[in-house]
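In case you want the letters, here they are:
Number of protein chains: 2
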Amino acid sequence: MFNDSILHDLNRRFDHAALHSETTEADIHRLCNEAITHNFYSVAVNPIWTATAVSLLKNSDVQVLGVSGFPLGAIRTDSKIDEAVRGVEDGATEIDMVANIGWIVSGQMNRAESEIAMIRKALPKEVVLKVIIEAGKLDTDQQITATKAVIHAGAQFVKTCTGFFGGATVDQVTTLHNTANGQIEVKASGGIRTLEDSLALLKAGATRLGSSASPAIVRKWQEISNSMHKNL
Amino acid sequence: MFNDSILHDLNRRFDHAALHSETTEADIHRLCNEAITHNFYSVAVNPIWTATAVSLLKNSDVQVLGVSGFPLGAIRTDSKIDEAVRGVEDGATEIDMVANIGWIVSGQMNRAESEIAMIRKALPKEVVLKVIIEAGKLDTDQQITATKAVIHAGAQFVKTCTGFFGGATVDQVTTLHNTANGQIEVKASGGIRTLEDSLALLKAGATRLGSSASPAIVRKWQEISNSMHKNL
Chain A
152 MFNDSILHDL NRRFDHAALH SETTEADIHR LCNEAITHNF YSVAVNPIWT
202 ATAVSLLKNS DVQVLGVSGF PLGAIRTDSK IDEAVRGVED GATEIDMVAN
252 IGWIVSGQMN RAESEIAMIR KALPKEVVLK VIIEAGKLDT DQQITATKAV
302 IHAGAQFVKT CTGFFGGATV DQVTTLHNTA NGQIEVKASG GIRTLEDSLA
352 LLKAGATRLG SSASPAIVRK WQEISNSMHK NL
Chain B
152 MFNDSILHDL NRRFDHAALH SETTEADIHR LCNEAITHNF YSVAVNPIWT
202 ATAVSLLKNS DVQVLGVSGF PLGAIRTDSK IDEAVRGVED GATEIDMVAN
252 IGWIVSGQMN RAESEIAMIR KALPKEVVLK VIIEAGKLDT DQQITATKAV
302 IHAGAQFVKT CTGFFGGATV DQVTTLHNTA NGQIEVKASG GIRTLEDSLA
352 LLKAGATRLG SSASPAIVRK WQEISNSMHK NL
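Protein chains in written order, with the numbering used here: chain A, 152 to 383; chain B, 152 to 383.
Listed next, with one range per pair, are the computed distances between beta-carbon atoms:
id, chain 1, residue 1, chain 2, residue 2, range
1, A, N261, B, N210, 27 to 35 Å
2, A, H303, B, H159, 51 to 59 Å
3, B, I187, A, D322, 39 to 47 Å
Please keep in mind that the hints were generated in silico from the structure rather than gathered at the bench. We put the beta carbon where it would ideally sit given N, CA and C, even for glycine.
Excised from the complex, chain A in its bound form (with noise of 0.2 Å):
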């Protein structure tokens, strides 16, 4: 039924995500121990909260994802490449940018590809680049044309959504996913909040997702597991 490599250690598919603007330090604490007990792939915070993060995780395999332009990703190129930087000076091994929507729906693909290269060239070429084209907000086509930006960018994934103007559809990650054509990576977000969800985001191509439901959809993958296990 399920392919399963894309499920072999599910939990290390999730970037844990608290991205409210109410966020509080203790809501940052709360999502670090929750990393840590699941063992997720990372922790997604607000810039504010990134070095927070990495101080709480720094004895952890949980990794830290700063945010750039985020979620409007309508400042000015040189505030995204600031941001991004200081993501990473305060310690985040991986960068979700928001692409420039307003450049991507009216066409000025260019425009949005050349902010992305500037981003990826700002970077230390170790960390990973993931850019938000906010697919709720393009036709099919539009999506097409900005995964091949992504792509020609330089980045290393395609990411759905922000999560705050609608969720991730399986329809958009194979659109995304049939684009990248295994040239970058698809990060699905927005909405994912059960392990049907998840799985159904991850057999249509999705390699990592981002939720801030990640422990009780990966407690119900364990509960299930161990069900099989019993049956055997």
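Starting from the known structure of chain A, fit chain B onto it as the hints suggest.
Frame of chain A; chain B shown alone:
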């Protein structure tokens, strides 16, 4: 029924806003044309569009409002300062910044106030600084304490909402207005769609309104004014 002084030149109460991620250059042209037609106080745009709007409005009385830390308020303080300063460099005469909501809801009001004061200090004296406290995420006590922090930090306006997480209410404006007690002004923003909304918020003490429906609102007011004059 209405305080005439509040309604005098209603158009000049409006910051006409286009703040979505998918806003295009064509949208900014339309926004600025509408602002000129209706002689709004300002247009409110994301940082990538500030210079464009300033250029389009250079021969008009319409100001351009820049934003900082919009809409989450959860970027680093140095990034907020840079965004605000760059907005002014691009020609904005007012900056609407988002306070750190996580600090406010967790009672770290000194940090929130100190951040606002740093941004105020980084801006030229003649630039108006408005501080968004995202009142819909705060209880009444937090709205009061946050407004006091805005006053102490030296800003000119406290502003209810970004518009991304629910709209301004009469209760919020009343609370902010009573706390401000004439020391700063109150801007209501978020979900203001009708003349009725606008008048209720102005009556509650707001002196500025942020809306993307500003043209329809002031056209309605003009219709009513014209019909009153006809009936005299």
